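These protein sequences, in sequence, are chains A and B. Here our numbering is used: the first residue of the first sequence is 6, the next is one more, and so on. Here our numbering is used: the first residue of the second sequence is 126, the next is one more, and so on.
Quick caveat, the hints were computed from the structure, so don't treat them as lab data. Be careful, since some hints might not be right.
[Claimed, not checked] Taking beta-carbon pairs under 8 Å as the criterion, some of the chain B residues facing chain A (in silico): (1) Ala159; (2) Thr184; (3) Phe500.
Model, not experiment: these values are computed from the prediction. Glycine residues also receive a C-beta, built at the ideal position from the N, C-alpha and C atoms.
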Amino acid sequence: MARTLVTGNHAAGAALALAGEANRDARGCCAGAYPITPQTEIIEYLRAFNFTKGHIVPVESEHSAMGVCIGAALAGARSFTASSSNGLAYMNENVFAAGYYRLPIVMIAVNRTLGPPWNIWVDQGDSLSLRDAAWTQFYCESHQDLVDTILVAFRMSEDHRVLLPALVAEDGFILSHTQMAVDIPAQDLVEKYLPKLNLPHQLDFEHAATVGGLTWPRETEKHRREIQSAMENVPAVLNEALDEFAAVFGRRPDGAFTAEYTEDAETVLVACNTMARTLRRVVKDRRERGEKVGMVKVKLFRPFLRDAFIHAIGSAKRVGVLDRNHSPGSGGIFWGEIATTLRQRPDVLLQDYLVGLGGGDVTPQIIEEILDDLKQRKQAEEPVWKEVAA
Amino acid sequence: MIELTIYGRGGRGGVTLAKLIATTYFLRGKHVQAFGVYGAERSGAPIQAYMRADDEEITNHNQIQEPDHVIVVEQTLLGPHVLSGLKPDGWIIINTHEAPESFAESLPGRRVATVDANAIAVAHGLGTKTVPIVNTALLGAAGKLLELEFADVEAALAEMKFGGANVTVAREAYDAVVGQRLAGKAQPSKQRAANGPVVGILDEEVGGMPVIRTGTWASRRPSRHELMPACNDGCPAGNDVRGFVQAVAQRKDYDAALAIILKTSPFPGICGRVCPAPCMEACNRRAHDEPVNVRDIERYISDHAVWPQPTRPTRNERVAVVGSGPAGLSATYHLARLGYHVTLLEAGDEIGGVMRTGIPSYRLPRHVLDHEISFILRHGVEAKTRQHVDRAALLKLTNEYAAVFVATGLQELRSLNLGNLAADMVMQGIDFLDQARRGHVHLTGQRVVVLGGGNTAMDAARTALRVGARNVRVVYRRTRAEMPAIAEEIDEALEERIQLDELVAPLRLHNNATGTVLTCQRMKLGEPDESGRRRPVPLESEDAIFEIECDKVLLALGQSGDLSILPEGSDVRHGEQLLGLTAAPVFAGGDFATNAGTVTAAIGSGRRAALHIHKTLTDEDLFPPPPAPVAGPEAIRMHVFSHQPREKPAIIPAEVRRGSFTEVRLGLIDEPGHEAAYEEALRCFSCGVCNECDRCLTYCPEGVMLHDGDCRYSFNFDYCKGCGICASQCPRGVVFMQEL
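Work the whole structure out from these sequences, hints included.
Set out below in structure tokens:
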């Protein structure tokens, strides 16, 4: 394994290329590519890579980028792409199509605030706007997490029990443009981990078919139930994928939720991406001062594994959600999921904190203030807007 | 943990510097983090870059608030915000040529280190003087202050594959950086200044982007200059062609256009009819669709504008001009306008030279010629005809006048021996034209052969037709491509059913049973001769010799000057004074000196002679300054202009015109609601000279250009980022970018 100092985007590009190259003895790989800040370096890496059997196709828009992935995936190629922010919004229709076509496409979402007004910094609103598109969604906290999750995502998505595309998110700039150390796996090990893609409904000249034609309501109902079943298979498939990863690469990536310091925590904060790392530091410091605080890092957002989340918070009575996103007319999107989940736990005081919207720089200090607020709170209120001076 | 903040500019290596420093720690087994914070995604905009290194895994991802040290990549970035959060013992490493002591007032009590990374980088070819690449040098400087071994610096450079000069500059900076703690009390570190009130979309005062003097982001600046239009460059008379065309295009001001022409040429009506138009040959529009029809615009101006009043002499000196062709008349005109008394001496019995005797009236109507000559003479000029000036007379003139200009043209006519019959049947074309215009020669029913390929040959052929010839053949020993005549003249002659025999050389005239014949030899083109044209060589075949029945042969084989007028031992050099041989200065010009062969070249020659004479007599130099570079097609953004064919001038059909001397070309004809010359002038690109189209200003994305006067534009360099759009959008090469 090569330990190297690279940006998050470079690491993501490398992982995608390794996965794509691993399919060279089957139908190869393909990406539809369109650049957008802060994702561009991924596309540049892929275009520069010398695939044995694969095409990185530059197109005129993100909508077409996903279109290319859909066509290539239906032809049996391992397909992937990347986008952010308004690029993800632009490909919206085709993102849903990829999910509904049950294609194991992997897309890196480099989280960036949706505009207008124009904003280049990190916010999870863009990937979360695709919450209902029948994709699994992973949120990564570090370069290593990103590389490992990408490989896990291919394995899980291509499993016949799942066959759903996977969105893998990383923070724009904070990971994408930040240089940190990471192990990039070797090609032969990736090939040990990822079998060749075998798409059951791969298009085939011998047996002509049309994909996605008109269906009646009852077929649609069945289609949606199939997708839900696939989502319900994710925990088991993901677990296997993580176990197999550990066997091949010698480390086990994080699962859907990572509970830390929660054994006897009274107060738990929930976060994803790099904010979870800053949170971890605060929790560690507070623990050293004797406070019973803990944290849950969310990695898998779709499917949202309710039972696993209930298990993760343990016996905590106060749960605060750090949402770097906002659904107007309601509140943070993670909070909404967790609120539904915690209907089994009416004893928990659940409070949403909207923090770092539009890319505000979330410091340990801000998280300390949130923690203090949560600890002394008498009752839950509507989402708290925690402004970040930036 | 060690934390560094770097203040740099986008696109100039600040973030890479953070990565390089991080790499030095990474290679020594530390956990590291390096990233930039981008605002305006734009080269030159201020950015910060951050570097963290620690023995433990780094989980903090926010921006650095309390750096251990800061690096200022460019001195212009210094400001109080640089101190924000900086620990008391922290280094401020500045890329500057100044010494640390220079910052005693602005950074008292601080540890300041300086290195001239700009000079080091540029000396080793890294970047340019405007944008030097200083990060690898600053890596060396930082390494020294962070107490790294140079080997660590080298290892980082190798890891990131920065070789060559990068290692050299890192070493130089590592050795050269100096630092000290400055005297005085350190100012408490201020937090970063707030950005001002936060405004919402529905607020009354919506506000906008913070006011940032983005002029500091620029590495180049726009500027404006004038280039020489290609048409002006091509005009032998030195006319401001672009100027008079634009006077029509911009303001339909024909009087102003005429005034522009009259500054350099007194013959717009003549040139507008007979000039071969090298300006149109040079016209950049040719590369886009068709050249601007300058000739017919000039003619239109001459025909429609109001002519100004002639000036009167104001000086005492008297100048003599010998020869009243276009060079002599041009010199007369310019000398008269400079205030001199001019005496114009013409050997023939009419003023005008070859314009009158050699150019037929179907090309140049007499009234146009007379009008323009009259305009010149009314400048207080004394004109004398039947004054033949020989050498003795010339020397006498030099005693009577302050200066003399000799422009007697080409009196010697080249001839050819065609045998004994020549005397009756053969005539010089030039003489024929003069006779024909006086009505003294008719060729009714005759079969005419014209020998030659220049304008005189065409004129003689077409005139022969008009004085009754049964048929006319032009015999030329090379091909049409080599004929020096103006292309349109050849076209019109062929339309008039004049036959052109290419690659034929005449041998001799003789009588046979039926009448007189001209025996001819067919030719082919061989190797080039001294003029560069391929030499005609006789064909060897049996049918190479053939006969043409003819009654008249007109010779148009070329002319040369009669130099006997000049004092013995003198040499004709165009425009130069014949020194030391005469009492008063004598200048020579026109075809007599240059054999250039066009009215327009003669006009230029005459004008230069006038300026030479003026300079010699008064020491005043009125010659135009050296021209700016020429705006060729590469200076013009052709894609900006739509395609528009030229206005078609009117012409009398061949069958009608071949029988009379009425003017063949009628120029641009107006129609109701359609001013033809104006429409044609609109096709002019105004190459190299601003015509206030305002395209630069319209496309400026920052709105930093002002149009604040006649052809005056200014730039607000406080905000101009040097994007270069104004320069790329200027269709005519006026706006350009300069490195700062």
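Hints, one by one, checked against the model:
1. Checking Ala159/B against chain A: minimum C-beta separation of about 4 Å stays under 8 Å; hint holds.
2. Evaluation of the Thr184/B hint against chain A yields a held restraint, the C-beta minimum of about 4 Å falling below 8 Å.
3. Below 8 Å, beta-carbon pairs count as interface contacts, and Phe500/B has none with chain A, the closest being about 65 Å; its hint is therefore violated.
When each numbered hint is compared with the structure, a violation occurs for hint 3 only.
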